[in-house]
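Given chain G's structure and the hints, the job is docking chains B, W and S onto it.
4 protein chains.
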Amino acid sequence: MSEREVALIIGGGPGISASCARLFSREGMVVAVAARNPDKPVLEALEAGHGVHRYPCDAAEPEAVARLFEQVCSDLGRPRLVVHNIDGRMADIFRKGIIEADPTLVRQVLLNSSFSAFLVGQQAARAMLENEPDANGVRGTILFTNASAALKGYPRSGAFAMASHGKSGLAQSMARELGPEGIHVAHVPIDAAIGWTQEDGSRAHRLAGTTKDDNMADPDRIADVYLQLHRQHRSTWAYEVVLRPWLENW
Amino acid sequence: MSEREVALIIGGGPGISASCARLFSREGMVVAVAARNPDKPVLEALEAGHGVHRYPCDAAEPEAVARLFEQVCSDLGRPRLVVHNIDGRMADIFRKGIIEADPTLVRQVLLNSSFSAFLVGQQAARAMLENEPDANGVRGTILFTNASAALKGYPRSGAFAMASHGKSGLAQSMARELGPEGIHVAHVPIDAAIGWTQEDGSRAHRLAGTTKDDNMADPDRIADVYLQLHRQHRSTWAYEVVLRPWLENW
Amino acid sequence: MSEREVALIIGGGPGISASCARLFSREGMVVAVAARNPDKPVLEALEAGHGVHRYPCDAAEPEAVARLFEQVCSDLGRPRLVVHNIDGRMADIFRKGIIEADPTLVRQVLLNSSFSAFLVGQQAARAMLENEPDANGVRGTILFTNASAALKGYPRSGAFAMASHGKSGLAQSMARELGPEGIHVAHVPIDAAIGWTQEDGSRAHRLAGTTKDDNMADPDRIADVYLQLHRQHRSTWAYEVVLRPWLENW
Amino acid sequence: MSEREVALIIGGGPGISASCARLFSREGMVVAVAARNPDKPVLEALEAGHGVHRYPCDAAEPEAVARLFEQVCSDLGRPRLVVHNIDGRMADIFRKGIIEADPTLVRQVLLNSSFSAFLVGQQAARAMLENEPDANGVRGTILFTNASAALKGYPRSGAFAMASHGKSGLAQSMARELGPEGIHVAHVPIDAAIGWTQEDGSRAHRLAGTTKDDNMADPDRIADVYLQLHRQHRSTWAYEVVLRPWLENW
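Residue numbers (the numbering used here), protein chains in the order written: chain G, 446 to 695; chain B, 446 to 695; chain W, 446 to 695; chain S, 446 to 695.
Any given hint could be a false lead.
[What the hints assert, rightly or not] No more than 20 Å apart at the CA atoms, straight line, and that leaves these computed lysine-lysine pairs for PhoX-like:
{"id": "1", "chain 1": "S", "residue 1": "541", "chain 2": "B", "residue 2": "597"}
{"id": "2", "chain 1": "G", "residue 1": "541", "chain 2": "G", "residue 2": "597"}
{"id": "3", "chain 1": "G", "residue 1": "597", "chain 2": "B", "residue 2": "597"}
{"id": "4", "chain 1": "W", "residue 1": "541", "chain 2": "W", "residue 2": "597"}
{"id": "5", "chain 1": "W", "residue 1": "597", "chain 2": "G", "residue 2": "597"}
{"id": "6", "chain 1": "S", "residue 1": "541", "chain 2": "S", "residue 2": "597"}
{"id": "7", "chain 1": "W", "residue 1": "597", "chain 2": "S", "residue 2": "597"}
{"id": "8", "chain 1": "B", "residue 1": "541", "chain 2": "B", "residue 2": "597"}
The set of hints was computed from the structure by calculation and includes no laboratory data.
Chain G on its own, in the form it takes in the complex (with noise of 0.2 Å):
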């Protein structure tokens, strides 16, 4: 077992989760990363150059989650840094008016963001009660990270507010509870769509119609927020850090 600490990631795609595998696994972190399909190529490729454990795990479901935990200790020690980075938009319900709405993918959105926010956080806090406290009388941190629709409800996006605004509740009450255990729970709403840099230099951006590369959130720079969160001293702990690019309309 490593004396290095480990970083635990849910959700596996190519913006924020590799931004933070690659960063956390540079500063000497063991860093895995739970996703649906654990073998899509931006993960082999963050095994294959950051040594990036993968496994796989439905983070919806309380069994998958808590035997991804169970496994991950077991492989490579309790971690001191989760973070949860799904947020269950999907395709057939962007922007859908209330009336149009599927319910029985509503459901799943919820499912996907608000409960598999629950699942890990109990898990992640059960873990980390057991640490011990580091130098700064730390055991862990946990990061949720979240969307503009955790801040406002947009008209046209019932669904995803719901999801969203559930897991922020969700989150503020784990950061009271965990605060005086010695727990760090942040919560980190991106205001705005996230873009990155492709291997062949093009940006590439999670929101199709959306242009301006000015305006996008690096998931490189997110990365490096979550870390100082991680390293923050308890005396001046923030719980809610709204990250959003200078140009963004708030």
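The following block gives chains B, W and S in isolation, referenced to the frame of chain G:
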């Protein structure tokens, strides 16, 4: 089919739902109440005393909610006022710490509260968009009751904070989307325990351990506010009204 | 001295103040309006048509506000309803960028809006704490009108955002402090331009450049909400009610 | 004129201001501190130990603030980092009920805190708009320290709630206005008492009656966050960071 306004209340407890049913009925509306068990004595008394129509409905089930609206529209006419009054709180999860909460129950809380609000809101919007605007230009009012947990994520209350925040995000999105269509969506967090006078004159309240009568919201007064919101002129709609007793600590 | 309730409105424009004066008067209250210039035609018309009492007062001056309350208490009796309806907006500073705003005017906006709210709130509290509780246990109601700038700091609006947020913070502190004393303090941000029908039937509004009638708050309807707040049962007080027209973008 | 970045700190106490001055100086910046009395021992020690430049300034006076910026620009160069660190709290008004507070002092608190933030923000913006963008496209950073009273209007704290909320509204407006110009405006409410280690090793703190060391924010750690904000990439700017100790009740 009646010329009178139809009001549909989802959730059939002895507090806000019963107070609303009595008031709306006294104000000349045709009133329906839907509950998982419509044969509860409190609902039978509303039928006997106020002509309230009772319907069975598990509001977390898409089909059941669709059937409820079909039935009410066919029996009584399309509603102009819909109140979602389910908070999904469950004794088995109340004040449980994050690592103690049973995931199966947490999921149920989320579906009973947030997801049922979506299902009810969707069917209400669908029905109301077919209403002719009234003299005031309004097609209908959708009210979401909520709890303190919608305003703040309290410790040892993660599941409930998640479900209540989710409902809040949904309501806000619906208000922005449906306002320009002439549908008034409002969100009413009750930041207090709710107490009411029982038939024997004693004071009943929802939460064990609360003893101060003075510090509980009276559901008859909450119903007054719901009626004011329903009658509010569209030039000055309130979206959110937080109600709390004068002695409440906030 | 009258048995009728005394209402005192600070700020004497043709919008909310006039609407409140007319409504409170129709509801049987003795109504006083204080303005820097009490001889404006709109106020003379309120006296002629509704028996409204007019008082001169520069509400940013401690002595002037103290004298006003002394005079009103002595002439009409201690008020049970006080409305602070000054926003301090000044044409010369409106939509000015941060580096263009004249510090002397900014200071004046801050004193006219925030500081006058403190002075009025202080004198209102002092007078009401001597009122006997009414049947509902209430000694009085203090209402603070506010603007969109209390909800969000818009660009090119720094002085006004500062003054409006300041008034909001004061109101919230007073609500928490005075609620348990039986004084209902409420804060009413009007998130819209305010328009009203002039004597010639045309539509007047405060802000140049606004043309949509539909998208302005009607001050008569705002006055309705103020009366509801004054009459609200203390078991279910609302502290903040944001009012906006159905077509408003928020 | 130096090639080094110039940082100007307004407010010269032994807590955040001194911690910032030491850190910014260690990071290679030219540091100036302005205070009503620049001859306080804590400032003399900063000069002696860290080469900090001291300036006299009553930050509630327009002319004084204009002169300060002229002098600093001329002596040291245009600042790229300005910290407004005055909260205007005064012992004579602390925890006073609304009817006890002396209006003259309340006015002073408002001018010392909110209005001085405007004056400093205005001069800082004026200077920075003339800065060449750095490699990151940024012309400068303006940071406003604030207090718990900016987040919530506590009872018996009306004047302070007003002043703190006012400062918050100003900062938010400035952030929206100046972001697209490449100036990062951020607001940092410290939701806690602030404590620090004195030269004799004992723990000093601002508020009498606070005894738990664990529950006070360490100003050296606050300064770390200020530096992170100054260095934050413009694709992911945080506007507001609330800092509180792990044991703080919120």
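Tested hints:
no. : hint          : in the structure
1   : 541/S x 597/B : violated (27 Å)
2   : 541/G x 597/G : holds (16 Å)
3   : 597/G x 597/B : holds (15 Å)
4   : 541/W x 597/W : holds (16 Å)
5   : 597/W x 597/G : holds (13 Å)
6   : 541/S x 597/S : holds (16 Å)
7   : 597/W x 597/S : holds (15 Å)
8   : 541/B x 597/B : holds (16 Å)
Taken one by one, the earlier hints fail for this structure only at number 1.
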